[in-house]
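Asker: So the chains spell out like this:
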Amino acid sequence: MAEVLVLIDSANGTLKKSATELLTAARSLGEPSAVVIGAPGTAAAVAGQLAEYGAEKVYVAESDEFEQYLVAPKAEVLAQLAGQAGPAAILVASTPENKEIAARTAFKIGSGFLADAVEIGEGGSVTQSIFGGAVSVSARVAKGAPVISLRANSVAASPQQGAAEQVPVEVSISDAAKGAKIIDRVEEAKGSRPSLQDASVIVSGGRGVGSADNFKVVEQVADTLGAAVGASRAATDAGWVPHTMQVGQTGVTVAPQLYIALGISGAIQHRAGMQTSKTIVAVNKDPEAPIFELADFGVVGDLFQVAPQLAEEIGKRKG
Amino acid sequence: MNIVVLMKQVPDTYAERKLNPSDNTLDREASDAVINEIDEYAIEEGLRLKEAHGGEVTILTMGPDRATESIRKALSMGADKGVHVVDEALHGSCAITTAKVLAKALGTLEYDVVIAGLEATDSRLSVVPALVAEATGLPQLSGARKVTADGSTLSIERVTETGYDVVTASTPAVLSVVEKINDPRYPSFKGIMAAKSKPVQALSLADLGLAADEVGLAAATTVVDSFEEAPPRSAGTVVKDEGTGGSAIADYLASKKLV
Ligand SMILES: Cc1cc2nc3c(=O)[nH]c(=O)nc-3n(C[C@H](O)[C@H](O)[C@H](O)COP(=O)(O)OP(=O)(O)OC[C@H]3O[C@@H](n4cnc5c(N)ncnc54)[C@H](O)[C@@H]3O)c2cc1C
Ligand SMILES: Nc1ncnc2c1ncn2[C@@H]1O[C@H](COP(=O)(O)O)[C@@H](O)[C@H]1O
Numbered sequence: 162m163a164e165v166l167v168l169i170d171s172a173n174g175t176l177k178k179s180a181t182e183l184l185t186a187a188r189s190l191g192e193p194s195a196v197v198i199g200a201p202g203t204a205a206a207v208a209g210q211l212a213e214y215g216a217e218k219v220y221v222a223e224s225d226e227f228e229q230y231l232v233a234p235k236a237e238v239l240a241q242l243a244g245q246a247g248p249a250a251i252l253v254a255s256t257p258e259n260k261e262i263a264a265r266t267a268f269k270i271g272s273g274f275l276a277d278a279v280e281i282g283e284g285g286s287v288t289q290s291i292f293g294g295a296v297s298v299s300a301r302v303a304k305g306a307p308v309i310s311l312r313a314n315s316v317a318a319s320p321q322q323g324a325a326e327q328v329p330v331e332v333s334i335s336d337a338a339k340g341a342k343i344i345d346r347v348e349e350a351k352g353s354r355p356s357l358q359d360a361s362v363i364v365s366g367g368r369g370v371g372s373a374d375n376f377k378v379v380e381q382v383a384d385t386l387g388a389a390v391g392a393s394r395a396a397t398d399a400g401w402v403p404h405t406m407q408v409g410q411t412g413v414t415v416a417p418q419l420y421i422a423l424g425i426s427g428a429i430q431h432r433a434g435m436q437t438s439k440t441i442v443a444v445n446k447d448p449e450a451p452i453f454e455l456a457d458f459g460v461v462g463d464l465f466q467v468a469p470q471l472a473e474e475i476g477k478r479k480g
Numbered sequence: 008m009n010i011v012v013l014m015k016q017v018p019d020t021y022a023e024r025k026l027n028p029s030d031n032t033l034d035r036e037a038s039d040a041v042i043n044e045i046d047e048y049a050i051e052e053g054l055r056l057k058e059a060h061g062g063e064v065t066i067l068t069m070g071p072d073r074a075t076e077s078i079r080k081a082l083s084m085g086a087d088k089g090v091h092v093v094d095e096a097l098h099g100s101c102a103i104t105t106a107k108v109l110a111k112a113l114g115t116l117e118y119d120v121v122i123a124g125l126e127a128t129d130s131r132l133s134v135v136p137a138l139v140a141e142a143t144g145l146p147q148l149s150g151a152r153k154v155t156a157d158g159s160t161l162s163i164e165r166v167t168e169t170g171y172d173v174v175t176a177s178t179p180a181v182l183s184v185v186e187k188i189n190d191p192r193y194p195s196f197k198g199i200m201a202a203k204s205k206p207v208q209a210l211s212l213a214d215l216g217l218a219a220d221e222v223g224l225a226a227a228t229t230v231v232d233s234f235e236e237a238p239p240r241s242a243g244t245v246v247k248d249e250g251t252g253g254s255a256i257a258d259y260l261a262s263k264k265l266v
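As given, the protein sequences belong to chains A and B, one line each in that order.
Remember, the working numbering sits 161 above the position in the first sequence when you count from 1.
Remember, the working numbering sits 7 above the position in the second sequence when you count from 1.
The hints are simulated quantities; they were obtained by calculation from the structure and are not laboratory data.
Please note that the accuracy of each hint is not assured.
[Claimed, not checked] Subject to a maximum C-alpha distance of 30 Å in a straight line, what follows is the list of computed DSS-like cross-link-like pairs (lysine-lysine):
#, chain 1, residue 1, chain 2, residue 2
1, A, 177, B, 197
2, A, 218, A, 177
3, B, 247, A, 446
4, A, 377, B, 264
5, A, 479, B, 197
6, B, 57, B, 264
7, B, 247, A, 477
8, A, 178, B, 247
9, B, 264, A, 178
10, B, 247, A, 479
11, A, 339, B, 153
12, B, 187, B, 153
13, B, 263, A, 178
14, B, 25, A, 177
15, A, 477, B, 263
16, A, 377, A, 479
17, B, 57, A, 339
18, A, 439, B, 57
19, A, 439, B, 187
20, A, 304, A, 218
21, B, 57, B, 187
22, B, 57, B, 247
23, A, 218, A, 439
24, A, 377, B, 187
25, A, 177, B, 263
26, A, 342, B, 57
27, A, 339, A, 218
28, A, 446, B, 187
29, A, 178, A, 446
30, A, 446, B, 263
31, A, 342, A, 269
32, A, 342, B, 187
33, B, 203, A, 439
34, A, 377, A, 446
35, A, 377, A, 342
36, A, 178, A, 377
[As the list claims (entries may be wrong)] Which bits of chain A does chain B cover? Going by a derived footprint, with three or more residues having C-beta under 8 Å, they are:
#, segment
37, 193-205
38, 213-227
39, 231-242
40, 275-288
Note that this is a predicted model, so its numbers are computed, not measured.
Ideal Cβ positions, reconstructed from N, Cα and C, are used throughout, including at glycine.
Modelling step: build the complete structure from the supplied sequences, incorporating the hints.
Answerer: What follows is the structure, given as structure tokens:
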């Protein structure tokens, strides 16, 4: 059975949820081979989890240089592995950086890049959802191994034991790939809540929330649901929350099970990032707000009345 | 500092967008066409770099005939000239081909910085800038919310999932920008008048030394086999808060087994 290369995302020694989804999806196409590219020690920390989710092989490409240069070195390694393994497909999670890595890999190996798949079918064909979910497209690559980025929450991860045999990869990064040097990394996001990319429930606040301090109303609802906190651009631009929380066209694109919008009007750029969410709930004091066109359930009212009551009621139900 | 801005003309996102059933490509005739919104930020950043460091701003677009309207608009904002890659055979080009063609066109120009937008609203790919870096072999500085130029060194703040990275490269380099970076100016009346006489060069495939079968639908690396319109979202329930709005939501979530 042909290998399927799966680019693994992890943080602080734990697999991202998206990695477990990818390993699950990979099994339908062939034999999952995890590809770990990062600083020394990255693979060892997640080896157990990779075995648990069915990785037969783990390609270990480790060097401090991956932390020092942007995107290009990772694409080089992935293309090099693709050349050696002759994989049936290459899978990555749909994050901005992974999409860049995937596209550059496809360019190098002469195949094609299928972005933001919501389903992976036979032979590496995919289903994509475009125009804000209005159209569903079935696509494949014309030749070569498809390089596919899979949207979070598209596949339910399920464990399956794999051998997780470690295969060291000799890393030699070309000078051309060292053009963009990362000289500093700044963390702005705080806290212990789930990340927007992974979350199955998201509670977002907009201009209607009114201040940084008032955002605790949004956080309170999020915490009772174990949800991630998101925001509109109006809220990030005002500096009430970090820009990493922005949902939308130029923020994060999400498709959780449940999206709750508090004091967000539903501008087209915001909708572009959340309109394929499974269930959408909105609270807005303006009955004409466009967010209600999307909402499965909407309440016309003051979020400062509705949201605390919602948090309390959920608390009660959870007992 | 000479700057090339990669600008794409896209269907207006406020209008309905369609695929063409005959070849499963975007129907570019069906709706109004506008400058890809985020590319206006790329143009603005180009103009600011020019104002600070001198040089010229060139708008580079690959697209159908009518894309000249968008090039004129960019010129009316203050860009100096336009280059329009236009050829029937380009219809249906994939992202990788688009990047190859743009790289060829860049080869005809002199520049220190290439600036693109983060993402086109029609493709929603966010990969053409990275692919242009790949095709040209230049450093990739994508996702910038801030750009500074100091001599031949460019430095950006690249937005990440958890904050931002400071990334530097020597010129020439390929940048892409997010909307936090600036507020694009509106064309002035004077700018609109001046734009009429600014040069726009049309480049065909032959001009770039490319053959028709290297581009377009025939050479596309990805193929759309079929598409269908998703069933429209069924209209939801909207209630007015009479003091129990919060519990009404909780009831709804419980009925959907979401709590
Ligand atoms: C190139 C570009 C990219 C962009 N990218 C993004 C993006 O990625 N994400 C994004 O979100 N936006 C983006 N935008 C901005 C977008 O156009 C909107 O300006 C933004 O989404 C508006 O945020 P908002 O809904 O919070 O604010 P508003 O539109 O001002 O809406 C606030 C809402 O809150 C309601 N409200 C006020 N007080 C209360 C209350 N007490 N209780 C209940 N409701 C209340 C109001 O009725 C109103 O509907 C982008 C714009 C551009 C040009
Ligand atoms: N046909 C094109 N002509 C010029 N620039 C383009 C073209 N396609 C994409 N771009 C640039 O690449 C950016 C990202 O596009 P995309 O990768 O398609 O989302 C856009 O914002 C433009 O700056």
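Asker: Work down the list of hints and note, for each, if the structure agrees.
Answerer: Status of the hints after comparison with the structure:
no.	hint	verdict
1	177(A) / 197(B)	53 Å, violated
2	218(A) / 177(A)	18 Å, holds
3	247(B) / 446(A)	9 Å, holds
4	377(A) / 264(B)	25 Å, holds
5	479(A) / 197(B)	64 Å, violated
6	57(B) / 264(B)	56 Å, violated
7	247(B) / 477(A)	23 Å, holds
8	178(A) / 247(B)	38 Å, violated
9	264(B) / 178(A)	22 Å, holds
10	247(B) / 479(A)	25 Å, holds
11	339(A) / 153(B)	21 Å, holds
12	187(B) / 153(B)	8 Å, holds
13	263(B) / 178(A)	24 Å, holds
14	25(B) / 177(A)	35 Å, violated
15	477(A) / 263(B)	17 Å, holds
16	377(A) / 479(A)	20 Å, holds
17	57(B) / 339(A)	27 Å, holds
18	439(A) / 57(B)	46 Å, violated
19	439(A) / 187(B)	29 Å, holds
20	304(A) / 218(A)	25 Å, holds
21	57(B) / 187(B)	19 Å, holds
22	57(B) / 247(B)	53 Å, violated
23	218(A) / 439(A)	34 Å, violated
24	377(A) / 187(B)	24 Å, holds
25	177(A) / 263(B)	27 Å, holds
26	342(A) / 57(B)	24 Å, holds
27	339(A) / 218(A)	28 Å, holds
28	446(A) / 187(B)	27 Å, holds
29	178(A) / 446(A)	36 Å, violated
30	446(A) / 263(B)	24 Å, holds
31	342(A) / 269(A)	21 Å, holds
32	342(A) / 187(B)	22 Å, holds
33	203(B) / 439(A)	48 Å, violated
34	377(A) / 446(A)	19 Å, holds
35	377(A) / 342(A)	37 Å, violated
36	178(A) / 377(A)	26 Å, holds
37	193-205	violated (count 0)
38	213-227	violated (count 0)
39	231-242	holds (count 4)
40	275-288	holds (count 4)
Violated hints for the displayed structure, listed by number in ascending order: 1, 5, 6, 8, 14, 18, 22, 23, 29, 33, 35, 37, 38.
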